[in-house]
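2 protein chains.
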Amino acid sequence: MELLQQRILSDGKVLPGGILKVDGFLNHQIDPALLYEMAKELQRLYAGEQINKVLTIEASGIAIATMVGYVLGCPLVFAKKSKTKNISNNVYSVEVESFTHGNTNTVVVSREYIKPGDRVLIVDDFLATGAALVGLKALVEQAGATVVGAGIAIEKVFQGGGDLLRQQGLRIESLARIAAMSDDSLTFC
Amino acid sequence: MELLQQRILSDGKVLPGGILKVDGFLNHQIDPALLYEMAKELQRLYAGEQINKVLTIEASGIAIATMVGYVLGCPLVFAKKSKTKNISNNVYSVEVESFTHGNTNTVVVSREYIKPGDRVLIVDDFLATGAALVGLKALVEQAGATVVGAGIAIEKVFQGGGDLLRQQGLRIESLARIAAMSDDSLTFC
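Residue numbers (the working numbering), protein chains in the order written: chain Z, 705 to 893; chain F, 705 to 893.
Check before you lean on any hint, since a few could be wrong.
Said to hold, decoys possible - Reference excerpt, derived from the structure (chain Z facing chain F, CB under 7 Å, subset only):
| no. | residue |
| --- | --- |
| 1 | Val-718 |
| 2 | Glu-762 |
| 3 | Ala-763 |
| 4 | Leu-780 |
| 5 | Val-781 |
Unchecked claim - Each pair of labels, with its calculated beta carbon distance range:
| no. | chain 1 | residue 1 | chain 2 | residue 2 | range |
| --- | --- | --- | --- | --- | --- |
| 6 | Z | Glu-799 | F | Gly-848 | 39 to 45 Å |
| 7 | F | Pro-720 | Z | Lys-819 | 23 to 29 Å |
| 8 | F | Arg-875 | Z | Glu-741 | 31 to 37 Å |
| 9 | Z | Glu-741 | F | Lys-819 | 24 to 30 Å |
| 10 | Z | Gly-722 | F | Glu-801 | 32 to 38 Å |
| 11 | F | Pro-720 | Z | Asp-888 | 51 to 57 Å |
| 12 | F | Leu-707 | Z | Arg-870 | 37 to 43 Å |
| 13 | F | Arg-875 | Z | Arg-870 | 37 to 43 Å |
| 14 | Z | Asp-888 | F | Leu-707 | 45 to 51 Å |
| 15 | Z | Gln-710 | F | Ser-792 | 25 to 31 Å |
| 16 | F | Asp-715 | Z | Gly-722 | 41 to 47 Å |
| 17 | Z | Phe-862 | F | Ala-751 | 27 to 33 Å |
| 18 | Z | Ser-792 | F | Asp-888 | 16 to 22 Å |
| 19 | Z | Lys-785 | F | Glu-801 | 15 to 21 Å |
Since the hints were derived computationally from the structure, they do not count as laboratory data.
Glycine residues also receive a C-beta, built at the ideal position from the N, C-alpha and C atoms.
Take the sequences, apply the hints, and build the full model.
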């Protein structure tokens, strides 16, 4: 998506260790007009798929998921990082490793909000190793619902998570796909 | 706001200990069409105030803040709960007590994203003791920016935080104001 690529080039910063800093418009300060255009593009890509629920993970996925839910006309659910290891019977839960924070979180979603028959679009700001996406997909499958696909803002293709999941049959649409990053430049696919 | 009050009555649940559960439409599963109407109402209430930034706190404030930013045509910033006590020089920081979780968080916002001259609307899903709002207001003041006011989805008036802050001169617009809650009923102001 040209608009997002241009914004990454103008406002993004590449930091050592494979970190792309986009917190000026995507995940600390957020440009909702850009999110709206991104949501419209995901709507176009997933037209006809009868999505009735958007699923993301707190915290930085919530903004884009809100706009995707608004454009698709359906509710969104955000999976929560649990503070406790004592998981109640009222939730589906999964372990998710965080690339950015270098730790593992137990992530939960209430059984009330994903049901068999739901057609779920998973939305997130980043796709790198794919750990969050694998976890969210597992939550949907625990519920007996269908993962229609994933809508991602920025995919770091060189980290391999996206292609591995595509090989397993998951549809993933990423609005900007980064092939390579060096110290202060990046290349899109 | 009638629409929100009706939704609280139909889908909210009162739990022991002064907890109002609205996670079916506001802070776990979220209805973006409802958020849009809430954002339009805040736009009406704050018309002419030349707000150029929306500030909230992760995680459950992000959804409504996204929609308010979209409707007002300005960016939103969400303050982050810091994982570390070592706060860098690049952020403003403040301590915020959580009523829901019974703990204290260090909350930070990058100095890049709140500047002197900014006219900030603070947005959150709940106002109870006012601790989050006091913290967010302090962050804006550290930056030398102006707090235009606060836009809150649900105020638990009986917990007193809102009225205390109003007495100190802060403008607060709450879209649903709960006067009292008992075991399984609630009364709006």
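Hints, verified against the model:
Taking 7 Å as the C-beta contact cut-off toward chain F, the hint placing Z:Val-718 at the interface is violated, the least distance being around 17 Å. With a least beta-carbon distance of about 4 Å to chain F, the hint placing Z:Glu-762 at the interface is held under the 7 Å criterion. Hint status for Z:Ala-763 relative to chain F: holds, with the closest Cβ pair at about 4 Å, below 7 Å. Look at Z:Leu-780: its Cβ gets to within about 5 Å of chain F, closer than 7 Å, so that hint holds up.
Restraint check, Z:Val-781 versus chain F: the minimum CB separation of about 5 Å is within 7 Å; hint holds. At roughly 43 Å, the beta-carbon separation of Z:Glu-799 and F:Gly-848 lies within the given 39 to 45 Å, and the hint holds. Roughly 27 Å separates the CB atoms of F:Pro-720 and Z:Lys-819, a value that falls within the hinted 23 to 29 Å. Evaluation of the 31 to 37 Å hint for F:Arg-875 and Z:Glu-741 yields a pass: the beta carbon distance comes to about 32 Å.
For the pair Z:Glu-741 and F:Lys-819, the beta carbons lie near 25 Å from each other, so the given range of 24 to 30 Å is met. For the pair Z:Gly-722 and F:Glu-801, the supplied restraint of 32 to 38 Å holds, since their beta-carbon distance comes to about 36 Å. At roughly 55 Å, the beta-carbon separation of F:Pro-720 and Z:Asp-888 lies within the given 51 to 57 Å, and the hint holds. Checking the proposed 37 to 43 Å range against F:Leu-707 and Z:Arg-870 shows it holds: the Cβ atoms sit about 42 Å from each other.
In this structure, F:Arg-875 and Z:Arg-870 break the distance hint of 37 to 43 Å, their C-beta atoms being roughly 50 Å apart. Checked against the hint of 45 to 51 Å, the pair Z:Asp-888 and F:Leu-707 passes, with Cβ atoms roughly 49 Å apart. About 29 Å separates the C-beta atoms of Z:Gln-710 and F:Ser-792, a value consistent with the hinted range of 25 to 31 Å. The beta-carbon spacing between F:Asp-715 and Z:Gly-722, approximately 43 Å, falls within the hinted interval of 41 to 47 Å.
For the pair Z:Phe-862 and F:Ala-751, the supplied restraint of 27 to 33 Å is violated, since their beta-carbon distance comes to about 48 Å. Z:Ser-792 and F:Asp-888 have their C-beta atoms about 21 Å apart, which keeps the hinted 16 to 22 Å range intact. For Z:Lys-785 and F:Glu-801, the Cβ-Cβ distance of about 20 Å falls inside the hinted range of 15 to 21 Å, so the restraint holds.
Going through the hint list in order, the structure does not satisfy hints 1, 13, 17.
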